[in-house]
Amino acid sequence: MQPFTIHTGLAAAMLQDNLNTDLIIPKQFLKTIHRRGLGRHLFHDLRYQEDGSEDPAFVLNREPGRSASILLAGANFGCGSSREHAPWALLDFGIRAVLAPSFADIFANNAVKNGILPAVVTPEAVAALAVHVGELEVDLAAQRIRAGAAEYPFRTDPWARGILLEGLDEIEQTLRGIAGVEAFEQRREAEAPWL
Amino acid sequence: MSARTLYDKLWDSHVVEQREDGAALLYIDRHLVHEVTSPQAFEGLALAGRPVRRPQAALAVVDHNVSTRDRRAGIKDPTSRLQVETLEQNCQEPAFRVPYIPLLDPRQGIVHIIGPEQGFTLPGATIVCGDSHTSTHGAFGALAFGIGTSEVEHVLATQTLVQKRARNFRIRCEGELPKGVGAKDLILHIIGRIGTAGGTGCALEFAGSAVRAMSMEARMTLCNMAIEAGARTGLVAPDEVTFAYLKGRPMAPAGALWDRAVAAWRGLASDPDAGFDRELVIEVEGLEPQVTWGTNPEAVAPITGRAPRLLDASGPEAAAALEQALAYMGLAQGQVLQGLPVDVVFIGSCTNGRIEDLREAAGVLKGRRVAPGVKALVVPGSGLVKAQAEAEGLDAVFLAAGCEWREPGCSMCLGMNDDQLQPYERCASTSNRNFEGRQGRLGRTHLVSPAMAAAAAVRGCLTDVREFL
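One line per chain: the protein sequences are F and P, in this order.
Here the working numbering is used: the first residue of the first sequence is 1, the next is one more, and so on.
Here the working numbering is used: the first residue of the second sequence is 1, the next is one more, and so on.
Source of the hints: derived by calculation from the structure; they are not laboratory data.
None of these values were measured; they are calculated from a predicted model.
Incorrect hints may appear among the rest.
To be verified - Restricting the straight-line Cα-Cα distance to at most 25 Å, the calculated cross-link-like pairs of lysine to aspartate or glutamate (DMTMM-like) are:
id: 1; chain 1: P; residue 1: Lys9; chain 2: F; residue 2: Glu191
id: 2; chain 1: P; residue 1: Lys164; chain 2: F; residue 2: Asp139
id: 3; chain 1: P; residue 1: Lys9; chain 2: P; residue 2: Asp395
id: 4; chain 1: P; residue 1: Lys375; chain 2: P; residue 2: Asp395
Unchecked claim - A short list of chain F residues far from chain P (calculated; beta carbon distances all over 10 Å):
id: 5; residue: Ala13
id: 6; residue: Ala128
id: 7; residue: Ala130
For every residue, glycine included, the Cβ atom is placed at its ideal position computed from N, Cα and C.
All chains should be modelled from the sequences, with the hints used to inform the complete structure.
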């Protein structure tokens, strides 16, 4: 996984609350057996018209949204289905950070595991960032967003920060401590042999 | 030791290692696997040369993509078929060897229906699945939550997950549910009260006399939709109802082990003086049948109610969101919900595809006919539910009423197979999500109970099921 330290890029704003994972990547694209290639289906129903052509009014179909690597969003971003296809689609489109007042728990986990930063920002900061013209700089170690001369703090979970900053392979890390798991299993077998 | 909640006890008994950053390595006892969220996890294992650590702790089945029509005809859509075949192959890989229930097996069904049915779901266990409705299994007093595909891979490789402890949120439901009002109405009402993010970061424990009086099926409906309030986990303390449901199930303990297990399970309930971070008390006596009017599950009202008006919105942003939801749903502001014509009725899903749900719907449909022009789909949650329904003659009731009686699967809950709404079709659905496009592009979903869905089928419109009782 690619570590996340400081990311500089353009932002697209989709500020409505409750943008759910069905909207981020609709069901028909969950049939893939691969992680890559979902970027063109990101926000499919909002992005494409019924004849399959792009809706020119949609934010990701015009600049700077088309080149965005940062998404500004409303509260409870990523609610609903646990589909990891949502962060896969965001990443494949080029999104490395989502800045929102709050996130659904499963989405935030899934994002982190794919090197996408879910940064919790106040609604006021999201609104201010949405009207900023030009690139944003997202500094994870400092937990600051720089927009020209302005700066905004953000929050992340300490566990998520650790994974993102180092680009950790969590499975590898867990397997290194597998002796602890084995000891747990032995204890468990004695206490609850039906499990 | 100080007083602990049910969630605290489940959590504490599964911590392998507490970490400094607040996260813990949690042991996972049970892992349900399905075709949509597992292929990339198995691929990851194969690429890294990692085996499945404890295959017998997993159980795999196909549900999301499967056709609900003639099973022997196979799956027509090549991408759906590939996904189903991929799961089958992965389960047979020598390094994986995950127990798998094939499509033509009589036990096949929706993951969250078959886990409890097989006794794979047990109190006191940690249960995960790459599906947000894994909260269903919390009805047994298990710590159950939905995970993403990277976490599926982590569980397959290590039998653990790195997790953060949730906050304790108890919802006490007191009193007796009125006739015609059930668990689905109660959970929709709760989501309406606390909102789609009201339970974020929390484990919701459902307690109180109304919950204790519920069957396991009803408790599962309640916990199933905890995620629609933002909570990954729903919980009900195990009791005699739980034990009676599980006893004799194929994968449940038996003999002396059963007695030992039950003795342990009795100790799981929250201690009387345990502290909760948040508590909500709901008096259920005055509750009415519920129906959603909008595009997320908190947009709910009693069937006697109306869609909101823009001037009732809390601010300009809320008004804009409301306007968009009403436009999508084809509703005027303040519109009366009763009498709204429906095109499709869907009875099924992991929320309401169990035998009790089918009995409830059949009770309304018996001796009645589906209104002309309405398509009514009844999709049992599993092959065993289907067989039980047929043994009770429920299939004959549905067929005589003019419903379609289908094979088990997720079906129109999310429309990954052929069962989808056409644009602008309005559906009374017993499923769990009324998001834009969920049941089909531009389809309009109203979430209701099985009884309410059956009543809508008969009248051809949203209607108050209490008029049928």
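Worksheet entry | Indices of hints not satisfied (ascending) | The structure conflicts with hint 3 only, although it agrees with all the remaining ones.
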